[in-house]
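Letter by letter, the chains look like this.
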Amino acid sequence: MEEQKKRTTIVLFSGDYDKAMAAYIIANGAAAYDHEVTIFHTFWGLNALRKEEMVPVKKGFLEKMFGRMMPQGADRMGLSKMNFAGMGPKMIKHVIKKHHAMTLPQLIDMAKEQNINLVACTMTMDLLGLQEKELLSDIQYAGVAAYLADAEIGNVNLFI
Amino acid sequence: MEEQKKRTTIVLFSGDYDKAMAAYIIANGAAAYDHEVTIFHTFWGLNALRKEEMVPVKKGFLEKMFGRMMPQGADRMGLSKMNFAGMGPKMIKHVIKKHHAMTLPQLIDMAKEQNINLVACTMTMDLLGLQEKELLSDIQYAGVAAYLADAEIGNVNLFI
Amino acid sequence: MEEQKKRTTIVLFSGDYDKAMAAYIIANGAAAYDHEVTIFHTFWGLNALRKEEMVPVKKGFLEKMFGRMMPQGADRMGLSKMNFAGMGPKMIKHVIKKHHAMTLPQLIDMAKEQNINLVACTMTMDLLGLQEKELLSDIQYAGVAAYLADAEIGNVNLFI
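Those sequence lines, one after another, are chains A, B and C. With our numbering as the guide, the letters of the first sequence map in order to residues 1 to 160. With our numbering as the guide, the letters of the second sequence map in order to residues 1 to 160. With our numbering as the guide, the letters of the third sequence map in order to residues 1 to 160.
Just to be clear, a hint being listed does not mean it is correct.
The list makes no distinction among identical chains, and a pair is therefore deemed to hold if it is satisfied within one copy or across any two copies.
[Said to hold, decoys possible] Lysine-lysine pairs mimicking BS3-like chemistry, simulated, CA-CA at most 30 Å apart:
no., residue 1, residue 2
1, 133, 51
2, 58, 112
3, 98, 58
4, 58, 97
5, 58, 93
6, 133, 98
7, 51, 98
8, 51, 90
It should be emphasised that the hints constitute simulated quantities derived from the structure, not laboratory data. The structure presented is a predicted model; accordingly, all values stated were derived computationally and were not measured.
I would like the entire structure built from these sequences, with the hints used as guidance.
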């Protein structure tokens with residue numbers, strides 16, 4: 001009988017660069033140890049999946065405002081601590097480079113290569129007015145039911 | 001032999017409207033999928049359980065200050081991101097209404113209807129000077145021991 | 001046959017006094033209920049493990065800046081909410097004393113007495129330029145692989 005694969009399921013709620021890094025480091029680690037891994041992006045965590053370039057889409061006024069105020073893609077996210085109007089992220093990226101660690105966009109690319117399931121929460125996409133063509137390709141779209149189906153049989157469940 | 005019910009246990013530490021929404025959406029989803037669900041409110045998460053109206057209680061000076069500075073009830077909580085002195089919550093509530101989603105007070109009512117265990121952490125109530133008559137009716141009072149008893153046999157454990 | 005010990009594994013990412021308190025209260029509770037407990041300190045959570053006194057170490061410029069800007073030890077950490085430039089932590093410590101609860105440094109001492117595994121994440125130590133001699137004695141050093149090995153067989157997994 002085949003042994004069941006271990007499973008790691010992370011809710012990425014946060015839109016902070018450092019928290020998203022932590023999520024993707026744990027996710028990539030778990031995938032390397034042969035876990036089935038899912039990152040379920042909701043609320044501000046959706047910004048990690050935004051394309052860097054501006055995508056022209058028709059939106060209501062509030063949705064447009066959210067779209068403008070939120071960071072456009074992983075590389076533009078701020079820090080949860082010591083952000084200092086963008087100085088903090090620059091410092092972090094500098095030490096990442098110096099220590100040959102991986103930036104958040106590199107961690108996301110690695111997650112895709114390791115077949116980690118990157119899921120965008122459709123309900124909060126609606127709320128924040130984000131549309132599929134504004135997000136990275138090769139991601140999945142689902143709601144809380146799919147999240148729970150994954151999480152309830154999981155070994156490592158985290159909310160970040 | 002009866003199958004054991006699945007179990008979701010969430011610590012709601014945060015006093016942010018959006019994080020509390022995420023907690024209650026997951027909780028309500030889990031209850032709909034027949035999980036036994038508990039939300040353990042601690043620290044700033046206790047504010048989600050405060051009554052909206054002022055309740056006259058005798059308190060020390062610091063407890064009074066905490067009471068005044070903290071949001072009085074779910075509807076008055078701020079956002080973890082883009083709060084903009086209260087503008088953010090108004091925007092969120094507007095898009096919630098527009099998309100026929102549920103506000104936080106509605107999600108809390110639904111949680112009660114689904115018999116989700118809403119627990120207030122007695123130790124942090126003491127610290128923040130919150131008294132039982134200031135909190136919603138039909139909630140439970142417990143400490144970390146009760147939380148752990150639930151969590152250690154749970155399927156989905158989250159700290160939000 | 002001996003029953004397997006239950007296991008609680010907490011990632012402490014946050015550098016906030018109140019969040020670290022929550023982490024250590026749950027950890028100490030779990031240890032009291034005979035769990036094998038690990039707190040894996042990463043990013044800003046490492047500051048809870050810093051020695052209070054200045055330790056002279058050779059560092060690069062950015063690492064020195066991080067070192068200066070981050071709180072030096074548990075007692076100097078701020079609050080996640082209502083910090084008010086340090087007023088909030090004073091208020092919290094005051095009510096902790098009044099209610100005969102434990103401060104964060106006391107909770108950390110208790111964790112050591114209960115043989116909770118206090119682990120510092122070596123990868124983020126590198127990034128933030130923290131060195132072993134700047135951190136408390138009797139702690140362990142490990143990376144994400146060790147964390148996952150613990151977490152995947154755990155009962156209670158939290159990210160704080």
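Structure-based check of each hint:
{"no.": "1", "hint": "133 to 51", "in the structure": "within (9 Å within a copy, 42 Å between copies)"}
{"no.": "2", "hint": "58 to 112", "in the structure": "within (29 Å within a copy, 38 Å between copies)"}
{"no.": "3", "hint": "98 to 58", "in the structure": "between (42 Å within a copy, 16 Å between copies)"}
{"no.": "4", "hint": "58 to 97", "in the structure": "between (38 Å within a copy, 20 Å between copies)"}
{"no.": "5", "hint": "58 to 93", "in the structure": "between (34 Å within a copy, 21 Å between copies)"}
{"no.": "6", "hint": "133 to 98", "in the structure": "between (34 Å within a copy, 22 Å between copies)"}
{"no.": "7", "hint": "51 to 98", "in the structure": "both (26 Å within a copy, 26 Å between copies)"}
{"no.": "8", "hint": "51 to 90", "in the structure": "both (20 Å within a copy, 27 Å between copies)"}
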